[in-house]
Amino acid sequence: MRTSRLWTVLSFFVVLSVVLVACAPAAQAPSGGKAAPETGQKAGEAAAPAAEEGPKHGGTITFALYQEPEILNPALCTQTACDEVDEFILEAPLGVDPDGHFFPILAKEVPTRENGGVSEDGLTITVHFKEGIKWSDGQPFTSDDLKFTWEATMHPDSGAVSTTGWQDIESIETPDDTTAIIKFKKFYAPYLALLTYSILPRHATGDPANMPKWDFNWHPIGTGPFMMKEWVSGDHITLVKNPNYRDAPEKPYLDGINVIITPSREVGKAMIQTGDIDILWDLVEADIPEFQKMDGVVLSAPPDTGTERLLLNLADPTIDATDDPLHHPHWALGDLRVRQAIQYGIDKAKINDDLLYGKATLGTSELNLGWAKCDIPVSEYNPDKARQLLKEAGWIDQDGDGIRECHGCANAKEGQPLRLKIQTTSGNKLREQVEQLLVEMMKDIGIDLYIENVPSSVLFGSWASGAFRKHGHFDILMYTTTYGVDPQAHMEGYFASWNIPTKANGGRGFNYSRWIDEEADAAIKEAGSSPDLNERKAAYQRLCERIAAGLPHIYLYDRLELNAYRTRLHGWVDNNWMDIGWNAEDWWVSQ
Amino acid sequence: MTKYIIRRLLQAIPLLWIISVIVFLLLQIIPGGPMAAYEQNPNITPEDMARLEEQLGLNDPIHVKYLKWLGNILRGDWGYSLATKRPVLQEIGDRLPNTLLLMGVAFMTTILFSLPIGIFSALRQYSIFDHVVTTIAFMGQSIPIFWFGLILIMIFHVGLRNPVTGRPLFPARGMVTLGKPFSPGDLAWHMVLPVTMLTLFGAGTYTRYMRSSMLEVIHLDYIRTARAKGLAERTVIYVHALKNAALPVVTIIALDLPGLFGGALFTETIFSWPGMGRLFYRSAERVDYAMLMAIIMINAALIIFFNLLADIAYAYLDPRIRYD
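Each protein sequence line maps, in turn, to chains A and B. If you count the first sequence from 1, position 518 lands on 517 in numbering that gives the first Met the number 0, and the numbers rise without skipping. If you count the second sequence from 1, position 187 lands on 186 in numbering that gives the first Met the number 0, and the numbers rise without skipping.
One chain only, chain B, in its complex shape:
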């Protein structure tokens, strides 16, 4: 097993290198380029443009640009944002905790809601409960997320008021109330709506996975055997069936985890949450090479890492799987 992990980690190095080359090339062909922001301004003379292009290193041939970037990365220098001039890692460092907080909490509530509901819905297949859950799950997946966020704000911020204070029931934006000292309660109050939005959308998918995985297992022979032995139904379901039904769901969860670092653009935009999704979007708009490369490469590394983690978890959970 240790050998396997080492081999996989070594394989990741050329993979990351290939990804970096492809992403770097793709960024270079984005129409407009980083100078597009200056093009419209008549006060910026062609001489200014040439000077800025030179300063930003945009005039070098692509391979020189790439080698410069690679050299800096190998020395641990991720460069500076073209737009804000701040170090790339500082920009990411400002946003990442916010994203992890929001996405982490939303991920946990999603799991907490969807797995029990999925199990229950499988056990009571074609019951009213199952139909209602299925409908809600599909609605959650098909409502435009942007629209749903606005509706949440319209109802819980604009429409409903706290009967005691007369203020909006939940805030529409940000992480904390401006001008007040920080308190965890205030932060939690600000998280209610975005977490609700993310949970509804995530839960639909997981509920469906859990349900179908459970359905598959409870019709297998060994479950019948367990029942025939006279085991209690609870033991049959939660010990024998769940352990096997959980396998594919665990894999999916592990593969979804790197997505938490990328943030959720729509949720962050609607609720003005200062997270990674908006950082990435802004960087893409400005064709901010250093920022884009950093965010994409970190994501690529995380995806590779969590894939490995999923494989390891799989071997641990399913004794039939051996990698050696």
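Just chain A, with the same shape it has in the complex:
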């Protein structure tokens, strides 16, 4: 008690100082770079202190979200917060384990060619469900519910946000209550990922044409370990143990989970210190030192699939959304040697050590995790080589101001200084600090990098709103994108030459670098046409190698997925492929 009192007083000053010196975080991070012993634990270790006691039944935990779910129908939701809550209530045929491999949840086994679940041509998938599964209202779960999920998602008036994959299904047959035979119109490589979408109950929803008005949207009924008791708008969502859960009454161990909304992250931090809340969702890198020192709190920090990168514009930024970047190259970045020089000039390890407390892994490729993970070595930090490359490319500092100018370079006017704009989302402290390091590093090799940050709604704006990212009016962007367990849509969207946003295609696609590479295109097509995960993995490896050679993106560091929980909570297992509560039925509390 005494120590906790002391701690509260200390933490008061810590937060006070954080508030006061919010602009100078480096000063209050003396322990930076030193990994805390309690971070990044796996399941066994987390439960270790009380392992001899074994899991106990009972207890309610409090889970704080700073963002309130808008709606809980997974077909309509666009936020992470809604997925986080749905994870406790709804279930899918398959899940993804911490290593990025599929495992069965509602299904008996993962369909493969070997077990007859996948036909030779990959067009027919047979899913066998576990027997005796019930919805939380006691109604039986059947294969017809999978069929309904497809019908509802595809109904033109449903308002479902994504029909990717579902639209490639020709029919779903349900010969009996535990078997579903899915027939695809054409081969759809991420068919297993499609089976990780939550199933909607036919009996407890309504007419698909009326989906936005379903009562289910605010009171979902699922097969998961918990069910919803109450949702008070803007305040909390109460979840209680599902008595019809398939492992009941043994699991779930907890009686309930209170999901509370604390819109201020600072208040959330204060409340996890006092034990008012047990789980604090979605921290940022700047929080690491504070949580490393916090008593009774574990910082969970597995790497995320998101990699912070520089996205370079290879096309002329003065032309609106050109479809011909090869004939209209960027005046500086259109030259591969300049892009290589930038990568050689960046000390990625310094960014990690100085700003991320050494906890991140250095960025190497788009696919840093999962079954499709690429093997690409970390780029070398070599400013001499960078200077050499810039000189070869015709960028030489003749006037002695420390900035190189074009003297015989390929695409710029003679004498034009090498001055490039970097842009990211404004208000993100870590990104702003990274930018400042980059400015210094680029200055060292004679490139004048200048910062012009914009709000995220502007950076990520739509084609119709004229967003400069979509229309190609930029030099260098810095941000993170994440991919799901099947990276095909992501890789094709970002790197295929047919996904350059132009007027002709109405701004579709995410190839903002306007990078064109025939071998990359071929690898993307191959990865999207094989039902064999090993073949696909090899194709992605080739694609990553082409990206590393052509450098449309320069990967800086892999983002961490940061959450914190109290030590009284046991059974937590880091899994960045699913949401926090992916194994909530195994959670228990020791007091």
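Since the hints were derived computationally from the structure, they do not count as laboratory data. Be aware that a few hints might be false.
[Stated by the list, open to error] Within a straight-line C-alpha distance of at most 30 Å, the following computed DSS-like cross-link-like pairs (lysine-lysine) qualify:
(1) Lys84(B) with Lys228(A)
(2) Lys502(A) with Lys64(B)
(3) Lys250(A) with Lys179(B)
(4) Lys212(A) with Lys84(B)
[As the list claims (entries may be wrong)] Restraint ranges, calculated between C-beta atoms of paired labels, are given here:
(5) Lys349(A) with Tyr280(B): 34 to 42 Å
(6) Trp146(B) with Ile450(A): 23 to 31 Å
(7) His218(B) with Ile450(A): 51 to 59 Å
(8) Tyr280(B) with Leu325(A): 44 to 52 Å
(9) Asn381(A) with Tyr280(B): 42 to 50 Å
From the three backbone atoms N, C-alpha and C, an ideal C-beta is built for every residue, glycine too.
Keeping the supplied structure of chain A fixed, place chain B upon it in accordance with the hints.
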């Protein structure tokens, strides 16, 4: 007077219409737009985007969008939130009582504290009391409200404990304790910190208004006359001076009242109070047209109404003012 009120109410109609047109146009040019939330997701194909835009009616020309909205409003249909898909009035109905409770109580405590303090401070001009009050009032207006809220939580939730139960002295969030049956005492306990925060910030302003208004009046001739007649000081101040000094303050209070409906974003954010301020902020973030239009139009109507109310109150309090 009745004629005047009717005329003012009729004038409000074109005014509200003009406001609705301007606000509608301004919302359309918010960068990003409601589809920005979908842009980053590679699983949402351009076909999906086009289908959703069509469904949400985003493809119509602006004037068609506006006329649709206006037509629905005239039939009493405020539409559905883009984000939550719930009826706009239901969303507002969920939050408004919470906001009115918090803001109403805070407003009353603000008035209760600031008016007597302002009067006293004017009567004892340049006394120690006056200096202290003035300093606190200025501090209240200049401390960043967000920071002050966090400090309150750090002291009264994290730092100090109830000596009997050992639990935090005051809760840091929400309106009620989860898992307990509702009781007014629990609600009041949850309101202490946010009301304190709002009172400190509001009271500074009102204290200053009351003080300067009172100072102006007590140096006027008729107060000297009242004293010369030999009236008791109490009668001079509380009957003769206060009645006139209260006039401008009443106007300000009437004009501030519609603000109560808008909630207080920072206070609601810090203390997780489910009110209108946060609803408006979320709607703005998501560019939720129907929600934004409803909240802004209701606020505009309230402001117009309370302006009228202030004018009427003025005529009632000051016999020199006539509107006919």
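Against the structure, the hints:
no.	hint	result
1	Lys84(B) with Lys228(A)	20 Å, holds
2	Lys502(A) with Lys64(B)	25 Å, holds
3	Lys250(A) with Lys179(B)	25 Å, holds
4	Lys212(A) with Lys84(B)	7 Å, holds
5	Lys349(A) with Tyr280(B): 34 to 42 Å	38 Å, holds
6	Trp146(B) with Ile450(A): 23 to 31 Å	27 Å, holds
7	His218(B) with Ile450(A): 51 to 59 Å	57 Å, holds
8	Tyr280(B) with Leu325(A): 44 to 52 Å	46 Å, holds
9	Asn381(A) with Tyr280(B): 42 to 50 Å	47 Å, holds
Consistency note: the structure conflicts with none of the earlier hints.
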